[in-house]
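Student: One-letter residues, chain by chain:
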Amino acid sequence: MEKRVVITGTGVIGPVGKTASENWKNALSGRSGIRRMTIIDPENFTSQIAGEVKDFDPLDYLDRKVAKRTDRYTQFAMIAAREAYAESGIENSIDPERLGVIIGSGIGGITTLEREHKVALERGVSRINPFFCPMMISNIAAGRVGIDVGAKGLNFSTVTACASSGHAIAIAVDMIKLGRVDAILAGGAEAPLTLTGIGGFCQLKALSTRNDDPETASRPFDRDRDGFVLSEGGAVVMLEELDRAVKRGAKIIAEVAGSGMTCDAFHITAPAENGEGSARAMKLAMQDAGIKPEDVDYINAHGTSTLLNDINETKAIKTALGEENAMKTPVSSTKSVTGHMLGAAGAVEVIFTAFALRDGILPPTATLQNPDEGCDLDYIPGKARKADIMYALTNSLGFGGHNVTIALKKYSGK
Amino acid sequence: MSLESRVAEIIIDKLGVKPEQVTIEAQFDTDLGADSIDQYELIMGFEDAFGLRIDEDEATKLTTVGKVIEYLKTKNLDQ
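Just so you know, the sequences run in chain order A and B.
Numbering-wise (our numbering), the first sequence opens with residue 1 and increments by one.
Numbering-wise (our numbering), the second sequence opens with residue 415 and increments by one.
Hint data in this document are derived by calculation from the structure and do not stem from the laboratory.
It cannot be assumed that every hint is accurate.
Footprint (simulated), chain B over chain A, 3 or more residues, beta carbon under 8 Å [to be verified]:
no., stretch
1, 52-65
2, 123-132
With a straight-line cut-off of 20 Å between C-alpha atoms, the simulated PhoX-like cross-links for lysine-lysine are [to be verified]:
no., chain 1, residue 1, chain 2, residue 2
3, A, Lys328, A, Lys251
4, B, Lys428, A, Lys65
5, B, Lys432, B, Lys475
6, A, Lys414, A, Lys177
7, B, Lys428, A, Lys68
8, A, Lys247, A, Lys177
9, A, Lys410, A, Lys292
10, A, Lys68, B, Lys481
11, A, Lys414, A, Lys251
12, A, Lys177, A, Lys152
13, A, Lys65, B, Lys432
14, A, Lys383, A, Lys3
Quantities reported herein were computed from a predicted structural model and do not represent experimental measurements.
A virtual CB, placed ideally from N, CA and C, is assigned to each residue, including glycine.
Build the full structure now, drawing on both the sequences and the hints.
Tutor: Printed below as a string of structure tokens:
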């Protein structure tokens, strides 16, 4: 029989909290983490708001030497991974060679890249920090987490922009099912709030310019939405083969029942017409999980708050579930409170979806006031809703036309 | 500030070690846990702080705190 994979630990650091439970509490209450930028002078940007990790001091978590030699994105990955690892309680029961790490990032160490580029221009290439390369590369978060927890199994990074950590989790589940390892710390991290990071997304006209009202700027599916809000953070889950998790008495949060991965093969940034690629990812995920459209009780949408994403994702959900099922299925975007954590977004949303299954409560699209024409699903506007659910999907879509949907199932002891 | 304290300060900053570890005899690799990249970064730190360039042959000989201080004393440093 095919192996089954469950989540036995979670870790999140982001704009609405420094632990998974704090993030969940704020996702449910709809408390936005978006504010005017403080990490950099926002004056010259069209979008001057962001989801920063508030009052972040790496020395609260890491020793000085490690903190100095890790990019901010790696620090977020390490902090989230430590939380998931500790919560899982796996430490004394796993052979280190059977524990893997897959951590994605859309960009990698852009803070480090910018700083050292400036050094090179101003003081010459001989003054580039010797740690520049191993700090900047987008796989180093996975490498650092491996060192930090002593995980000696398979270890790599997935890079698919805003779908990076969705892919990390989907691939990790498949690796465990194949028996490559028994457990994997999987997720993503991003720290894009830099001069070129923010400036680049501004130039793409992708970001909200609702600078006078940061807390409602990320408003997925709303007729007044005007782009996404750039955020930072890290999110990691401990994925573990079900039998071994049960045997060691692990606390099981939810089961990852399946995944679907597709490509639009259409445009570098715009979604394919009617969200065709995303619809196929959802269908594949349902097929992989062995469920039908009517079994899906909740969808945590990619829901970025851009004009194109939200309308096309809505169409994709209708295509995947069928119009009738789609109209009955609650859908929400927790990016309404977190903003868009890019490479960390998929993992944050897998965690929120797992908690929704565990706790029987659906997080709202907190900022949704007036649904746009064509955005006519049940988006759980404003307030969280109690609902005892069995199956849920979560979508992650990345520039490049990368689509991944993860199907999760409530774990009820069998 | 004396040359010795300035050197110690740079070592503490770059290597993240405790002040009491930075003795004259302390070896950068075995006592202060510095790998080869750490040691190169440290050399760059001395270069920046004292406004000089240390060539690679010289740098490889600077294996202890004492040797760095001795080396710097031979230079006509503008403190």
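Student: Hint by hint, where does the structure go against what was stated? Just the numbers, ascending.
Tutor: 3, 5, 10 and 14
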